[in-house]
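If you read the sequence shown in my numbering, its first letter stands for residue 11, the second for the next number, and so on.
Source of the hints: derived by calculation from the structure; they are not laboratory data.
Every residue gets a Cβ at the ideal spot worked out from N, C-alpha and C, and that includes glycine.
Please note: incorrect hints may appear among the correct ones.
As the list claims (entries may be wrong) - Quick list of the computed label-pair ranges, beta carbon to beta carbon:
| id | residue 1 | residue 2 | range |
| --- | --- | --- | --- |
| 1 | 17 | 45 | 26 to 32 Å |
| 2 | 24 | 44 | 28 to 34 Å |
| 3 | 36 | 61 | 28 to 34 Å |
| 4 | 46 | 13 | 47 to 53 Å |
| 5 | 25 | 59 | 30 to 36 Å |
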Amino acid sequence: MEHAIKNLEQQNLDLRGEMGQMKEQINKIFELLTQGETLNVVATPTPTYPPGFISSYLNAHPYGMPSGWNINTREQPATKGHE
């Protein structure tokens, strides 16, 4: 019985040591990630646009089709198999 208790205590100590190492590794990873964020922010500043500028990426009518361009779809007869 004492031998089993000593084995469990040793396992507990080993696990605590491994957990400490894992915490150190996680802290290093977190530090590297936050450094990467800082570098990205410095490397890619937010562009400044003049007032009233609309980026082509913010097209209000994607594919050149304004909303409601095919408004009479309810009036069209249903095709076979699609009711």
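How the hints compare with the structure:
For the pair residue 17 and residue 45, the beta carbons lie near 42 Å from each other, so the given range of 26 to 32 Å is not met. Taken as a hint, the range 28 to 34 Å holds for the pair residue 24 and residue 44, whose Cβ atoms sit roughly 31 Å apart. The supplied range of 28 to 34 Å is broken by residue 36 and residue 61, whose beta-carbon atoms lie about 45 Å from each other. At about 49 Å, the CB distance of residue 46 to residue 13 agrees with the hint of 47 to 53 Å.
In this structure the supplied range 30 to 36 Å is violated for residue 25 paired with residue 59, their Cβ-Cβ distance being about 55 Å.
Consistency with the previously given hints fails for numbers 1, 3, 5, ordered from lowest to highest.
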